[in-house]
Amino acid sequence: MIEKVLADLNRVDGVHGSLVVSSDGLIIAEAVPPDIDSEVVGAIATTVYGSGERVVDEMDLGELEQMLIESSEGKVMIIAISDEATLVLITDPDANLGLIRLRAQEAAEEIAKQL
Amino acid sequence: MARIVGKFKRLFRRGEEGTEERLPEEEAREVREEALQRALQIASKQLEPDELVETAKRDMSKALSELREYFGFERMVVIDRDGKPIGMSGGGSFETELIEALRSVFEAAETADTIIVSSESEGPNYLAVKINDSIAICETKTTPSDADIFMLRNDLSMVIESASLPASTEETDTPYVVTDRQGLVVASSGVSNPDRIAAEVSRLADFLDEHLVGELEWVKLTTDSGETLAVKPYKDVLVAFVVESDLEEVDEECEKVAKSLASSLEGLIDLTAETSASKSKAKPSEEG
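Each protein sequence line maps, in turn, to chains A and B. Under this note's numbering, the first residue of the first sequence is numbered 173, with each subsequent residue one higher. Under this note's numbering, the first residue of the second sequence is numbered 9, with each subsequent residue one higher.
Simulated from the structure, these hints should not be mistaken for laboratory data. Small disclaimer: the values here were computed from a predicted structure and weren't measured. Here a beta-carbon is modelled for each residue, glycine too, at the ideal position from N, C-alpha and C.
If the Cβ cut is set under 10 Å, some of the chain B residues that face chain A in the computed set are: (1) R211; (2) L212; (3) F215; (4) E225; (5) K228; (6) D232; (7) E235; (8) D259.
Sequences and hints are given; from them, build the entire structure.
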């Protein structure tokens, strides 16, 4: 169950919510609190990830695996699950990124098996 | 100052009393000289040339900001002979077409050293002054007087001469692109297609500014090659650079490289203009 993986991920300190989004911006699975509009987050995450892919491609840096957007109000981490899906995490502004990155990577691998 | 006021009072009183008993000429001259000296002291406090030179040596953009505030300009940019910005102040860079048009006029009219572009009604006016190989372009709401232009020319000459080497010539191992918010390359190193990168990065930052709640602090793009392209916004520019690091240490590494780059790009990036985002942490938003 992808929802179970997301729920486990949300237990990591600083993670506010998580969702799996298809490459066309549709929600595949989500575990987000009611104050988050998952459809809006999914659409924005898909757009910025696509933009990020173009930038790293221009710089010949390889395939984009993780994108982290940090703002004064919080952080959004987008991780590639496959060519068709990404894992999106919303975290607190002062979340411990090192741990979250590792857990998110493990979760993405687990979700990839289930998709 | 009290002494000067006292002497003026004496001058006025005597004037009222009549001209029979005039102050001795020497004393009157002394009063005038003191008053003049005092006026000069007050004027020089507003823009101290020595301080301006010292500021320009450390940070050209900061020196330009002082000039911009002093002359009441909205925006200011100084470009080198190739048209590359070597310092800027105010709300971002100018439109490429405007810069190119002004450069063309200076090129065509070789002896010209000042161009004033006036707008009707309340549109902005532009003042461009050529100093050696550099051109300073200023946007202003008022029409600059001959005296303003003369003073600006003197001050700008000092700033440009005092400023350290343009940051775009700085050598560093870290590949980077500095772009303004419109996607124009301000400086770059170790990147083969800086224009394309600048365009993509500025577009991405624009989109995030529009949709993100709070101020954008960082964008980090990590690839399967273990490299991370980090983008750090400052007030007028975006600095994009590449770091190689493990995932556990990438955030720390980005901070370290950003500091080092900012230091080597001093003069191009006003460090005080960094977004204040890091100072105001709050609860997470919908979009993060």
